[in-house]
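S.K.: Each chain is listed here by its residues.
There are 2 protein chains.
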Amino acid sequence: MAIKNDLILRAARGEKVERTPVWLMRQAGRVLPEYRKVRAKMKGFKELVETPEFACEVTIQPVDSLGVDAAIIFSDILVIPEAMGLPFQMIEAKGPWFEKTVKTSADIAQLRIAEAPDLHYVMDAIKLTISGLNNRVPLIGFAGAPWTIFAYMIEGSGSKTFSQAKKFLYAQPALAHQLLQKITDSTINYLKGQIAAGVDMLQLFDSWAGVLSPEQYDEFAMKYISQICNAITEVPLTVFAKDAHFARVSMGKLNCNVIGLDWTVDILESRKMIGDSKTLQGNMDPCLLYADYATIKKETVKMLKTFGPQKHIANLGHGIYPDIDKDKVICFVDTIKEFRF
Amino acid sequence: MAIKNDLILRAARGEKVERTPVWLMRQAGRVLPEYRKVRAKMKGFKELVETPEFACEVTIQPVDSLGVDAAIIFSDILVIPEAMGLPFQMIEAKGPWFEKTVKTSADIAQLRIAEAPDLHYVMDAIKLTISGLNNRVPLIGFAGAPWTIFAYMIEGSGSKTFSQAKKFLYAQPALAHQLLQKITDSTINYLKGQIAAGVDMLQLFDSWAGVLSPEQYDEFAMKYISQICNAITEVPLTVFAKDAHFARVSMGKLNCNVIGLDWTVDILESRKMIGDSKTLQGNMDPCLLYADYATIKKETVKMLKTFGPQKHIANLGHGIYPDIDKDKVICFVDTIKEFRF
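Chains as they are written, first to last, in this note's numbering: chain Y, 1 to 341; chain F, 1 to 341.
In isolation and in its complexed conformation, chain Y is listed as follows (with noise of 0.2 Å):
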């Protein structure tokens, strides 16, 4: 059965739409009272992300309660690690922890490369959320792209500047790139199968892009991201890597329908360096959302005039903060929704 409201894919693929289709990176999340609800009757963030009722529930709540063009599964990046052989904890105001870290040759000889049926919470979570939405929106599936999941394979947690991982990088170049095909070869496994669970879309996240020099990133990074690119072909890909704005005229080559932008770059310049042939998504400050309505429906309707009708997803530049308005968000989307050219 088609889906209602496929606005998100029509304007990934390039195809008119009507108005600027709207998301929010982390919008299951902590903004939302129910989220929390959910969230407070866990354990940890690891048993809501491993159990596939719960998963679904809040991956459904920001389409009910936000309004918005799509809903993303809700997941970690994290998992991908965890089902090559490297366990991790989430810490409570701190982040992920991981036991074992990647060192060494045989460190590396021993992780497996994952496969879709290692993660099958998420591709129950996704089944279940598909039957939730019953084709209202589209799914978003996603995973972390190659370079960020190393960076915390090595460095066994977030870092701001993840010198371990980037020594890793220049002491033991060869080596580097074994265990970033190693990450690639699952992640592409491991999106194959979102796709069968029944994903309509896939976003691939590349948070820690920033620290990389541009020589590095596109020796590391770029590499594998377009190794990805060309292996998922079925539904459409966003390709977000934050920081990265040294890439753009790359990312322009890339075998993938959309790239995403922070709010570090300008519109008209991406527009010009990634070429007209991408769908752009983004770019909106996530701090924008702390002002009043006034200035964020005037900053808001300002993006979607830079942006022009046409090849645009709206969404911020990067995820949602968890102290924001739940009415902010509204504001924000319902002026997207309500704004024509």
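Check the hints yourself; a few may be wrong.
One copy or two, it doesn't matter: identical chains are merged, so the pair holds either way.
With a cut-off of at most 30 Å between alpha-carbon atoms, the simulated DSSO-like pairs for lysine-lysine come out as follows [claimed, not checked]:
#1 Lys328 to Lys100
#2 Lys328 to Lys167
#3 Lys167 to Lys326
#4 Lys160 to Lys100
#5 Lys337 to Lys4
#6 Lys167 to Lys37
#7 Lys4 to Lys223
#8 Lys100 to Lys326
#9 Lys223 to Lys100
#10 Lys46 to Lys160
#11 Lys94 to Lys43
#12 Lys41 to Lys100
#13 Lys94 to Lys46
#14 Lys160 to Lys298
#15 Lys326 to Lys103
#16 Lys326 to Lys160
#17 Lys302 to Lys272
#18 Lys302 to Lys223
#19 Lys4 to Lys328
#20 Lys167 to Lys302
#21 Lys337 to Lys305
#22 Lys41 to Lys297
#23 Lys272 to Lys100
Think of the hints as simulated: they come from the structure by calculation, not from any bench. No experiment lies behind these values; they were computed from the predicted model shown.
Given chain Y, put chain F in place with the hints provided.
M.R.: The following block gives chain F in isolation, referenced to the frame of chain Y:
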């Protein structure tokens, strides 16, 4: 008496140099065993900053043991908020922490505008260092740029997003400007004091430029950097705003001599955006110093050739990481000092 090695001052002013000069951000620090020895005698980082004899000693160490072409006074950008009325602690392995932060108009009214005598320990350290350097190389003074200082005064500590500080800009822009002006006035007094104490050159560090959108950076950061540039005319001034790739064209119009570049920007593109009138500083990835000697030499020579023989001060694109091998730093410095075009 004239400074024997004035390469950096000449390069900063755009005068001809026989070879490219070099220094490193955080060159006085944990990378040097002799620094760790002095540091171990202190109760904490702040004791080192506040004791002129020790600050002088660690400032001169890298001139002796790394052979760099300048010293930079050992201090911290957060001495300014402290002098304005917000004391901070430096917590081991965590970073700075402020007991009081700025929340209201009354909080801003209570802050004083810092004057040079408030920071007498920095002035004393500068005078001792000038004497200790005995005209071998120039001494660089510094301060944080107003937006970065503002960010700490609101947030109260480091942060990945500085979302509370950004919230203040969006929610209370008029108050934000009041505070930024007070910080700017304090910073000008402080830098003038450093000049009077004897520094040969100054640098402004805008460490958290990258969390702002281009529009906000223009309104809340560049405006005040520009005031400082116009006020400081006695010695060459460098502006280094990390992750401010979007501000390069505006940086080219500042009334200063040198623009610092981080490692995420392309050198030739930056030269084109900034224009030919400025000297550029940077921009090697600090993680290069984790590589083997041959790679360090090869990449350093490539950087030198890309910048060209004039109007370049070689440096890393950020502060040196504490776990780098001192011999690798020397390899970087020597490669620059030995290279001839």
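S.K.: All the hints need checking, so say for each whether the structure fits it.
M.R.: Status of the hints after comparison with the structure:
no., hint, verdict
1, Lys328 to Lys100, "between (41 Å within a copy, 29 Å between copies)"
2, Lys328 to Lys167, "between (42 Å within a copy, 13 Å between copies)"
3, Lys167 to Lys326, "between (41 Å within a copy, 15 Å between copies)"
4, Lys160 to Lys100, "both (20 Å within a copy, 24 Å between copies)"
5, Lys337 to Lys4, "within (16 Å within a copy, 67 Å between copies)"
6, Lys167 to Lys37, "between (42 Å within a copy, 26 Å between copies)"
7, Lys4 to Lys223, "neither (37 Å within a copy, 49 Å between copies)"
8, Lys100 to Lys326, "between (38 Å within a copy, 29 Å between copies)"
9, Lys223 to Lys100, "within (26 Å within a copy, 47 Å between copies)"
10, Lys46 to Lys160, "both (23 Å within a copy, 22 Å between copies)"
11, Lys94 to Lys43, "both (16 Å within a copy, 28 Å between copies)"
12, Lys41 to Lys100, "within (29 Å within a copy, 35 Å between copies)"
13, Lys94 to Lys46, "both (14 Å within a copy, 26 Å between copies)"
14, Lys160 to Lys298, "between (33 Å within a copy, 27 Å between copies)"
15, Lys326 to Lys103, "between (43 Å within a copy, 23 Å between copies)"
16, Lys326 to Lys160, "both (29 Å within a copy, 22 Å between copies)"
17, Lys302 to Lys272, "both (18 Å within a copy, 29 Å between copies)"
18, Lys302 to Lys223, "between (35 Å within a copy, 23 Å between copies)"
19, Lys4 to Lys328, "within (26 Å within a copy, 61 Å between copies)"
20, Lys167 to Lys302, "between (42 Å within a copy, 20 Å between copies)"
21, Lys337 to Lys305, "within (13 Å within a copy, 52 Å between copies)"
22, Lys41 to Lys297, "neither (36 Å within a copy, 56 Å between copies)"
23, Lys272 to Lys100, "neither (43 Å within a copy, 46 Å between copies)"
Violated hints, listed in ascending order, are 7, 22 and 23; each of the other numbered hints is respected by the structure.
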